[in-house]
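J.: Residues per chain, in single letters:
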Amino acid sequence: MRFGIVTFPGSNGDHDALMAVRMGLGQPAELVWHTETDLSSYDCLLIPGGFSYGDYLRAGAIARFAPVMEAVAREAEAGKPVLGICNGFQILTEAHLLPGALLRNASLEFVCDWVWVRVEQTRTPWTQRLVPGELLRLPIAHGEGRYYVDETTLKELERAGQIVFRYVTADGRVTADANPNGSIANIAGVCNGRGNVVGLMPHPERAFDRLVGGDDGLRILASVLDVGLTLARSRGVR
Amino acid sequence: MGIGARMTVTPELLREVALTAEEYRRAVELLGREPNRLELGMIGALWSEHCGYKHSRPLLRRFPTSGPHVVQGPGENAGAVELGDGLVVVLKIESHNHPSAVEPFQGAATGVGGIVRDIFAMGARPIALVDSLRFGPLEEARQQYLFHGVVGGIGWYGNCLGIPTVAGDVFFMSEYRQNPLVNAMCVGIAQREALVRARASGVGNLVVLVGADTGRDGIHGATFASVEDPERSHRGVVQVGNPFLEKLLLEACLEVLGTGVVVAMQDLGAAGLTSASAEIAARGGTGIELEVTAVPRREAGMTPYEVMLSESQERMLLVVRPEGLERVLAIFHRWDLHAVVVGRVTDDGCLRVLEDGKTVAELPVQLLTDWCPTYVREAREADEIRARRSFDPRSLPDLEARDVGAVLEQLLRSPNIASRQPIYRTYDHTIMTNTVLAPGQGEAAVLRVKGHRFGIAVKTDCNPRYCLLDPRLGAQHAVAEATRNVSCVGAEPLAITDCLNFGNPERPEVYYQLVQAIEGMAEACEALGVPVVSGNVSLYNETEGRSIPPTPVVGVVGRLEDVHRRVGMGFAGEGVVFLLGPQRATLGASEYLAHRFGIVGGTPPALDLELERRVQVLVRDAIHRGIVLAAHDCSEGGLLVAVAESCIVGGIGGRFRIDPLLEANGRLDETVFGEAASRVLVQVPFGAEGTLLALAHAHGVPIYEFGRLGGERLVVDGLLDHPLGALAEAWRRGLRRM
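If you read the sequences in order, they're chains U and H.
Position one of the first sequence corresponds to residue 1 (my numbering), numbered consecutively onward.
Position one of the second sequence corresponds to residue 1001 (my numbering), numbered consecutively onward.
Incorrect hints may have been included.
Derived coverage of chain U by chain H (criterion: at least 3 residues anywhere in the stretch with Cβ under 8 angstroms from a Cβ of chain H; other residues may be distant) [stated by the list, open to error]:
hint, region
1, 14 to 24
2, 67 to 78
3, 102 to 113
4, 150 to 156
Derived pair list, reagent style SDA-like, types lysine to any residue, alpha-carbon separation capped at 25 angstroms [stated by the list, open to error]:
hint, chain 1, residue 1, chain 2, residue 2
5, H, K1358, H, K1450
6, H, K1450, H, A1294
7, H, K1054, H, T1374
8, H, K1450, U, E30
9, H, K1450, U, L211
10, H, K1358, H, A1294
11, H, K1450, U, R123
12, H, K1450, U, A106
13, H, K1054, H, E1291
14, U, K155, U, R123
15, H, K1054, H, G1032
16, H, K1450, U, M19
17, H, K1054, H, P1074
18, H, K1450, U, D177
19, H, K1450, U, L25
20, H, K1358, H, T1303
21, H, K1450, U, Q27
22, H, K1450, U, G26
23, H, K1054, H, E1378
24, H, K1054, U, R2
25, H, K1450, U, G214
26, U, K155, U, D113
27, U, K155, U, A106
28, H, K1450, U, P28
29, H, K1450, U, G193
30, H, K1054, H, P1011
31, U, K155, U, D177
32, H, K1054, H, N1504
33, H, K1450, U, R137
34, H, K1450, U, A73
35, H, K1450, U, M23
36, H, K1450, U, R2
37, H, K1450, U, F65
Between beta-carbon pairs, the in silico distance windows are [stated by the list, open to error]:
hint, chain 1, residue 1, chain 2, residue 2, range
38, H, R1062, U, F65, 53 to 61 angstroms
39, U, F65, H, D1370, 46 to 54 angstroms
40, H, L1662, U, A185, 16 to 24 angstroms
Since the hints were derived computationally from the structure, they do not count as laboratory data.
Cβ atoms here follow ideal geometry from the backbone N, Cα and C, with glycine treated the same way.
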């Protein structure tokens, strides 16, 4: 199956995503320039991290207007798996492909660390090989990762099962200490109503090799193979 | 103004361009006429200490700069050493002290921007950033402002670029109050045959300027960095960084270099277009003609003087073969970058500036570069330093055994010792997925190189207290400690990049420090077999006659044969801990003396460079054999601080004995908190003790069985029994209190 990884001016996680898919999953992946308008030849899409357009206005606020985003919206609408990581998550919320917003970290500082997240929802193409309640250790690196929705929407997300990952302690408890950025309800990742579009602040693409700290990220990326390979076959690719 | 125009040279004018009357006369003599206003500004900028190395150039010849691994020594944008498999590692460190003193956030940020451009100008992909920082006491509000500004600026720029900041060092000392230091180092990787040199060659080749438009910012930045008391100057001299633009520039320049039509690349730093064009022409033995009206500007009405001396950030100068111009411009256009032809390479050895085709400046390139005056000054050690050094720490009462635990906690909380996590947590250190040993995990950072077995280690060091009390010995220590740290992760030190930070060299006491420190560094480099391949000098770091301590920061890059064989600093489960190296220590120049008694005095620890070399070889040998579980350099704070740090990081306690050491030292304070060179704590698994002992004897290194690991307390027989949690809390909170 073919992974398409979108490069905006200022993306800097695109190369890591490429390496994770190629080295970690052994699947073909290509970088897609932000001016691209046809993404139909890819079986899934990754919107990587970075500082698209410098993030000078608000993280992701400019990138959502890039030509490629129309194509991303079209593919998302058609049900193709889309994963937004860090800045990619911010872009997907700005583009209203995902609910909520990402605010400045509660500490007002950029934070780079390894965190534990708990898998809350496995009925998405990006988590279907995982087990509910399973813990993953992943790196974070962001300044604007405080997930926010109003109380009503939060209840709606809970009800609809759209919360995919939460920050937890090493033994799986949701506590304030385990929350690195002040996200509401310790939310680290969410999905759209249909479940095919997922966004998260932690970086699964940086965790594909134990030599550099862990390989739990591969469990997320590998989950998409089930849906992706089906899509690939339907395109007539073996 | 044409080049023949008359001009009255006043003392004010010369002061503005920072030239002495004598230097002006020299310029007139070399030129054979009086320079005009523009030419005078260009000469002043390139003859500044910052660009011309007037005081350091004669001394820097002392450094060993060649070796079997060296591919590119000093003189280019950065140095380069062989890694194997056709790859080279490129390294360079640079100061941004004066701007950071005035505007810490932007000053530090643009320091990162500048050093990154030096690396990709060589055709290398930047893979790591390292920072060496110095501030005054962190308890003071202004120092916190500087500290948070600098750390914030480094993070902002590096994080946005997507280059991990993986290591560094920071030290707090009252002498840095008015003059903080910000030294940024960058490491890159390139194919050996793809290395680019900044040498303008090929008459008729085109000079292309790419990146930011040129504004009125930073004019006279180079001269500003060459005078005392930065705070008195105004903030307008400090540039504002744009890391997003730099990211585009980085990617586009590396892509453009892949076309093979680029002859040379040079970043625009201090003295902007003047310095960049003079340097590439000088290295290429050619001339350059520039048309200033072709330079894209931010404002209307800028004079040729302003265009030639602007230090606007995020700009690069390229020399391109005419037939490849279209391809180059197309790539830059794709990255939304503004690139224009601003001149061409000539054969007359002149830097000629045109305005609308009319010559407005014409100077021999050599006059600007090679003919810059150099000075050898009077050197004399300050009496005050000699007096401080003669202080005898043994005149103080010895430490009481019952106070050891409390003092240990205090030292672990000291800003010079406490965990650096509050700093590196704000730096992205996992991006690029190469970070094998992240900040805080080892004595040096370790990076993998995807697709290769070998790895890279990197670290900076310099203990300014040692350097203040004895600059020659202190500089030797800087080289020894930096290379020792790299050895402790299992890497062989390959090369050094140095940043020499000093006060006003026109004062004999400061010049003495400069001469001595360079001598000491050179001696240590020779003894340890590590060449200096690049570096930077920052002088005039002083305010109202009060200089910073001599601070020769040493950045080291090492190579691990097998990156899987790296070793961290935290004790890894149970095992036996040995102390390698000298068993006697001194309180002279120690953190204990400074922290507990407020005394910066005494003689720094002696350093036997031959023993140092043997210790490093032993540590690497033991790691290579796979018997080392952890290795930790024993430096500031001494033995007990070192063992506590390794216990905290590893999350395991231990039981240690110091009786034989106490006997050797004679005093408790020296034994537990005294400092010494060439000491490393090493953990081996049970059963490997004999192998390590035999290796130590074979290498002629003193070895002492210090204790065994286990439990959750730090126990020293008859002296200390402390819960590890309390020590960890003190160490982790040290910098966070601020």
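J.: Does H:E1378 sit within 25 angstroms of H:K1054, going by the straight-line distance between their CA atoms?
T.: It holds: about 14 angstroms lies between the C-alpha atoms, which stays within 25 angstroms.
J.: With a cut-off of 25 angstroms on the C-alpha distance, tell me whether U:K155 and U:A106 pass.
T.: Holds, because 22 angstroms separates the two Cα atoms, which is no more than 25 angstroms.
J.: Within a Cα-Cα threshold of 25 angstroms, do H:K1450 and U:R137 meet the stated pairing?
T.: 22 angstroms, holds
J.: Are H:K1450 and U:D177 close enough, with their CA atoms no more than 25 angstroms apart?
T.: 35 angstroms, violated
J.: Between the alpha carbons of H:K1054 and U:R2, is the straight-line distance 25 angstroms or under?
T.: Violated. H:K1054 to U:R2 sits at ~58 angstroms, over the 25 angstroms cutoff.
J.: Is the hinted pair H:K1450 and U:L211 satisfied, with a Cα-Cα distance of at most 25 angstroms?
T.: Holds, at about 11 angstroms.
J.: Does H:K1450 lie within 25 angstroms of H:K1358 when you go C-alpha to C-alpha?
T.: With Cα atoms ~53 angstroms apart, H:K1358 and H:K1450 exceed 25 angstroms; violated.
J.: Tell me if the straight-line CA distance from H:K1450 to U:M19 falls inside 25 angstroms.
T.: 9 angstroms, holds
J.: Given the proposed pairing of H:K1450 with U:M23, does the C-alpha separation stay at or below 25 angstroms?
T.: Holds, at roughly 10 angstroms.
J.: Hey, H:K1054 versus H:G1032, does the alpha-carbon distance stay inside 25 angstroms?
T.: 22 angstroms, holds
J.: Compare the distance between the alpha carbons of U:K155 and U:R123 with 25 angstroms, and conclude whether the hinted pair is satisfied.
T.: Holds, at roughly 19 angstroms.
J.: Compare the distance between the alpha carbons of H:K1450 and U:L25 with 25 angstroms, and conclude whether the hinted pair is satisfied.
T.: 15 angstroms, holds
Of the numbered hints given earlier, the model fails hints 2, 4, 5, 6, 11, 12, 13, 18, 24, 26, 29, 34, 37 and 40; all others are met.
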